[in-house]
Amino acid sequence: MTSSKKEKNPQNSFSSTSQKFITPILIIISLLVYFALYNTHSNLNTLITSLCPDHLHVFSVRNGKRVYTNIDEMMSSSSTSSSKTSANPSQTMKWAQGFVVNENTGRFVFVAKSREELVKKFGKCKKWTELHSDEEMIMPSFIDAHLHIILGGQSLLGAPLQNVQSKQEFMDVFREYSVNGYGQHEPWITGGYWSESSWGGEIPTRHWIDHVDKPAFLMRMDGHSALVNSKALELAGVTRDTPDPRGGTIVRDDDGEATGLLKDKAIELVYKFVPPLNEDKALDVAMEHAVRFGITSVHHMGALGKVGGAMAELRTYKKAEIENRLKFRIRTSIELKNMHQLKEFIEEYGTGSDWLRYDMLKEFFDGSLGSKTALQYSREENVPDSNPYIDTEEVGLQVHDDNELLDWLREAEKLKFQVAIHAIGEKAIDKLVDMYEQVFKENPSRDRRWRIEHVQQSRPQTRKRFAELGIAVCINPTHLLFDSAYAASYVGEKGCKNLYAFDTLFDSLKAKPLVSIGSDWFVSPLNPLLAIDAAVNRITESHPDGFNPEARVSLEQVIKAYTLGSAYAGFNENQLGRIKPGYLADFVVLNKNLFEIEKTELKNVVVQKTFVHGRCVYSREEDPQVRQRMSGENSTDLELKIIEETSGAAVME
Numbered sequence: 001m002t003s004s005k006k007e008k009n010p011q012n013s014f015s016s017t018s019q020k021f022i023t024p025i026l027i028i029i030s031l032l033v034y035f036a037l038y039n040t041h042s043n044l045n046t047l048i049t050s051l052c053p054d055h056l057h058v059f060s061v062r063n064g065k066r067v068y069t070n071i072d073e074m075m076s077s078s079s080t081s082s083s084k085t086s087a088n089p090s091q092t093m094k095w096a097q098g099f100v101v102n103e104n105t106g107r108f109v110f111v112a113k114s115r116e117e118l119v120k121k122f123g124k125c126k127k128w129t130e131l132h133s134d135e136e137m138i139m140p141s142f143i144d145a146h147l148h149i150i151l152g153g154q155s156l157l158g159a160p161l162q163n164v165q166s167k168q169e170f171m172d173v174f175r176e177y178s179v180n181g182y183g184q185h186e187p188w189i190t191g192g193y194w195s196e197s198s199w200g201g202e203i204p205t206r207h208w209i210d211h212v213d214k215p216a217f218l219m220r221m222d223g224h225s226a227l228v229n230s231k232a233l234e235l236a237g238v239t240r241d242t243p244d245p246r247g248g249t250i251v252r253d254d255d256g257e258a259t260g261l262l263k264d265k266a267i268e269l270v271y272k273f274v275p276p277l278n279e280d281k282a283l284d285v286a287m288e289h290a291v292r293f294g295i296t297s298v299h300h301m302g303a304l305g306k307v308g309g310a311m312a313e314l315r316t317y318k319k320a321e322i323e324n325r326l327k328f329r330i331r332t333s334i335e336l337k338n339m340h341q342l343k344e345f346i347e348e349y350g351t352g353s354d355w356l357r358y359d360m361l362k363e364f365f366d367g368s369l370g371s372k373t374a375l376q377y378s379r380e381e382n383v384p385d386s387n388p389y390i391d392t393e394e395v396g397l398q399v400h401d402d403n404e405l406l407d408w409l410r411e412a413e414k415l416k417f418q419v420a421i422h423a424i425g426e427k428a429i430d431k432l433v434d435m436y437e438q439v440f441k442e443n444p445s446r447d448r449r450w451r452i453e454h455v456q457q458s459r460p461q462t463r464k465r466f467a468e469l470g471i472a473v474c475i476n477p478t479h480l481l482f483d484s485a486y487a488a489s490y491v492g493e494k495g496c497k498n499l500y501a502f503d504t505l506f507d508s509l510k511a512k513p514l515v516s517i518g519s520d521w522f523v524s525p526l527n528p529l530l531a532i533d534a535a536v537n538r539i540t541e542s543h544p545d546g547f548n549p550e551a552r553v554s555l556e557q558v559i560k561a562y563t564l565g566s567a568y569a570g571f572n573e574n575q576l577g578r579i580k581p582g583y584l585a586d587f588v589v590l591n592k593n594l595f596e597i598e599k600t601e602l603k604n605v606v607v608q609k610t611f612v613h614g615r616c617v618y619s620r621e622e623d624p625q626v627r628q629r630m631s632g633e634n635s636t637d638l639e640l641k642i643i644e645e646t647s648g649a650a651v652m653e
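Using UniProt numbering, the letters of the sequence shown map in sequence onto residues 1 to 653.
Calculated from the structure, these hints are not laboratory results. Any given hint could turn out to be false.
[To be verified] The calculated BS3-like cross-link candidates involving lysine-lysine, where the alpha carbons are at most 27 Å apart (straight line), are:
1) Lys-124 x Lys-65
2) Lys-512 x Lys-416
3) Lys-497 x Lys-603
4) Lys-510 x Lys-497
5) Lys-319 x Lys-416
6) Lys-337 x Lys-441
7) Lys-121 x Lys-94
8) Lys-441 x Lys-464
9) Lys-416 x Lys-441
10) Lys-416 x Lys-343
11) Lys-214 x Lys-231
12) Lys-318 x Lys-416
13) Lys-65 x Lys-127
14) Lys-510 x Lys-603
15) Lys-512 x Lys-94
16) Lys-65 x Lys-120
17) Lys-65 x Lys-592
18) Lys-343 x Lys-272
19) Lys-464 x Lys-510
20) Lys-431 x Lys-337
21) Lys-512 x Lys-441
22) Lys-592 x Lys-603
23) Lys-319 x Lys-272
24) Lys-441 x Lys-414
25) Lys-414 x Lys-343
26) Lys-497 x Lys-431
27) Lys-65 x Lys-599
28) Lys-414 x Lys-318
29) Lys-603 x Lys-327
30) Lys-281 x Lys-214
31) Lys-126 x Lys-65
32) Lys-167 x Lys-214
33) Lys-497 x Lys-464
34) Lys-281 x Lys-319
35) Lys-431 x Lys-512
36) Lys-431 x Lys-416
37) Lys-231 x Lys-167
38) Lys-327 x Lys-592
39) Lys-337 x Lys-319
Construct the entire structure; sequences and hints are all you get.
Put into structure tokens, the structure is as follows:
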């Protein structure tokens, strides 16, 4: 007898059962894929917070909002999204109470306005770092937009003449270093970074350093003059008959003999014979020094005439990247004239990474104010608002011919490189702006961000042109700490009004973050807090009430320039300079909140910890130099240099 009721097919039963599970699984997978592709830094992180994997690290502040995010736009406090909300001041995320870092990606994934929000969403996380002090502050780490890495490292290893106060001390320190210091192991004595204003103005000669039996090469602190001894001149073949090179000067005595002082392009006559100190060691020392001050990204501005130039240094950085030795991010530049070598390097190695990039060209237009080689207008030119040198008919120097430089700029534009040109004097800056404008007009509009480095003495009408043309400027506030001592004797009191005019620069360029800040280390101290102090207070030994105090700028303006402005100058404003979801987790912990202390105390603030890619690369409590200083033990010359600059004591001149 056949039953009318159908028997259940086991296969159909399995299919029906699996359907119940497969459908929701597919929905969950689809949602995860959607969030991963379209909203990585918000809903996906919220979805997985209950699991809180080991690679998430929570940072929080127990008391008050002490995390300065550098975020100006409006954000929802309950979301990690960067989407804007209603323009309610209470919704701004400029200050937060904590954030979360994904240590696998090295990026911020969540920023919280309150600690309660962090506890609610990430309370199960194992990695939780909390600031208990009511004084400490977390902020984006500093981006030094203009320094010389290898030369900076070598300056820490070279003869320490930065702070000598007399001719006799100069000679004594030089002799001690050559006999007992790092120099005893090297074929040449190098270092220096001296300034004659430290001991009253007498210009040193080769006779000050002829008492050693090896060649010596001692750079002036501005990098535009160098002192060499007789042995060095002999090895380089420089005699009384050697002509001055274009763009340089061999200083001579009344008898026509070289005094040992070389300026600008003349430096290369000897420098090319100086064997470099170990560049790997110099880089390692420089990185250790930089992270001590909360610097996690740098823009390297060239080798200053060294044989092999910046391409040799680029290879040193590439080697360090391959060996995973980089402690900070490097954006390096190559000499403008060597742009095709850089193009070939990019064809071989690609355009770079988050750790090392190389798409910028650097060149010099003029010299320096301290060496009186900055290019100024002459009195005869009678240019409005210009300030010629007052004690000489000299106008400074122009390193390259107009046509040569303009041809290079046009070629750089064809290759789509960014350009950064050193220009200090009023005439140099005006001529360079004219050249930039000519190239811009000859080519289709694009986001170039061509830069002018230093911009020390510019006319008011020129500053307005920066914004009109979209020219980025990099300033070096610590320079005014020593230039203020002699500036009036060079360009007069009236000329000083155009010197380091930070207030009008920031005002002219406020529409975009076109102002960046660099230390110009090795020329000036590396410590960003000294630069912040210089820009905000402008107090120097020669001007205790402030050098052109009307040109002071606000603390927030300077911080933004040292972070977001420098990021913008390097085409990195969407990755660096903020504590914001999706940005690289580079940040610093300071022992004081910069916004809560007296302005005169800014230079005394120190870095407690520095983080790069979400990982701690410096801790003050573990710093052997700091521990040694606190214990009162004897320190080496290198340690003393680090300690002095850390404490704000090593302000040049």
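Hints, verified against the model:
With a C-alpha separation of about 22 Å, the suggested pairing of Lys-124 with Lys-65 holds against the 27 Å cut-off. Restraint check for Lys-512 and Lys-416: the C-alpha separation of about 21 Å stays at or below 27 Å, so the hint holds. Of the pairs offered as hints, the one joining Lys-497 and Lys-603 holds, with about 24 Å between alpha carbons and a cut-off of 27 Å not exceeded. For the hint pairing Lys-510 with Lys-497, the CA-to-CA distance comes to about 21 Å; that is within 27 Å, so the pair holds.
Annotation: proposed proximity of Lys-319 to Lys-416 holds, straight-line Cα distance about 26 Å (limit 27 Å). Distance restraint check for Lys-337 and Lys-441: the Cα-Cα separation of roughly 22 Å lies within the 27 Å cut-off, and the hinted pair is therefore satisfied. For the hint linking Lys-121 to Lys-94, the alpha-carbon distance of about 21 Å falls within 27 Å, and the restraint holds. Simply put, Lys-441 and Lys-464 have alpha-carbon atoms about 18 Å apart, close enough for the 27 Å limit, and the pair holds.
As the CA atoms of Lys-416 and Lys-441 are separated by approximately 15 Å, the hinted pair is consistent with the 27 Å bound. Between the alpha carbons of Lys-416 and Lys-343 the distance comes to roughly 10 Å, so the proposed pair stays at or under 27 Å and holds. Between the alpha carbons of Lys-214 and Lys-231 the distance comes to roughly 6 Å, so the proposed pair stays at or under 27 Å and holds. A hinted pair counts as satisfied when its Cα atoms are at most 27 Å apart, and Lys-318 with Lys-416 qualifies at roughly 22 Å.
With a CA separation close to 20 Å, the supplied pair Lys-65 and Lys-127 stays within the 27 Å bound. Between Lys-510 and Lys-603 the CA atoms are separated by roughly 25 Å; this keeps the pair inside 27 Å, and the hint holds. Pair hint Lys-512 plus Lys-94 holds up; C-alpha atoms about 18 Å apart against a cutoff of 27 Å. As the CA atoms of Lys-65 and Lys-120 are separated by approximately 17 Å, the hinted pair is consistent with the 27 Å bound.
With a C-alpha separation of about 13 Å, the suggested pair Lys-65 and Lys-592 falls inside the 27 Å cut-off, and the hint holds. Restraint check for Lys-343 and Lys-272: satisfied, since their Cα atoms lie roughly 24 Å apart, inside the 27 Å limit. A distance of roughly 11 Å separates the Cα atoms of Lys-464 and Lys-510; the hinted pair therefore holds under the 27 Å criterion. Of the pairs offered as hints, the one joining Lys-431 and Lys-337 holds, with about 19 Å between alpha carbons and a cut-off of 27 Å not exceeded.
The hinted pair formed by Lys-512 and Lys-441 meets the criterion: a straight-line CA distance of about 21 Å does not exceed 27 Å. Distance restraint check for Lys-592 and Lys-603: the Cα-Cα separation of roughly 11 Å lies within the 27 Å cut-off, and the hinted pair is therefore satisfied. Taken as a hint, the Lys-319 and Lys-272 pair is honoured in the structure, with Cα atoms around 23 Å apart against an allowance of 27 Å. Simply put, Lys-441 and Lys-414 have alpha-carbon atoms about 13 Å apart, close enough for the 27 Å limit, and the pair holds.
Taking the CA atoms of Lys-414 and Lys-343, the gap is near 12 Å; set against the 27 Å cutoff, the hint holds. Annotation: proposed proximity of Lys-497 to Lys-431 holds, straight-line Cα distance about 20 Å (limit 27 Å). With a CA separation close to 20 Å, the supplied pair Lys-65 and Lys-599 stays within the 27 Å bound. Straight-line distance between C-alpha atoms of Lys-414 and Lys-318 comes to about 26 Å, which keeps the hinted pair within the 27 Å bound.
A hinted pair counts as satisfied when its Cα atoms are at most 27 Å apart, and Lys-603 with Lys-327 qualifies at roughly 24 Å. Using a Cα cut-off of 27 Å, the hinted pair Lys-281 and Lys-214 holds, with the two alpha carbons roughly 23 Å apart. The hinted pair formed by Lys-126 and Lys-65 meets the criterion: a straight-line CA distance of about 23 Å does not exceed 27 Å. Of the supplied pair hints, the one linking Lys-167 and Lys-214 holds, its CA atoms being roughly 20 Å apart against a limit of 27 Å.
For a cut-off of 27 Å, the pair hint linking Lys-497 to Lys-464 stands: about 16 Å separates their Cα positions. For the suggested pair Lys-281 and Lys-319, the alpha carbons sit about 13 Å apart, so the restraint of at most 27 Å is met. This hinted pair checks out: Lys-431 and Lys-512 have alpha carbons roughly 23 Å apart, not beyond 27 Å. The straight-line distance between the Cα atoms of Lys-431 and Lys-416 is roughly 22 Å, inside the 27 Å bound, and the hint therefore holds.
Distance restraint check for Lys-231 and Lys-167: the Cα-Cα separation of roughly 20 Å lies within the 27 Å cut-off, and the hinted pair is therefore satisfied. A hinted pair counts as satisfied when its Cα atoms are at most 27 Å apart, and Lys-327 with Lys-592 qualifies at roughly 24 Å. For the hint pairing Lys-337 with Lys-319, the CA-to-CA distance comes to about 24 Å; that is within 27 Å, so the pair holds.
Taken one by one, the earlier hints all hold for this structure without exception.
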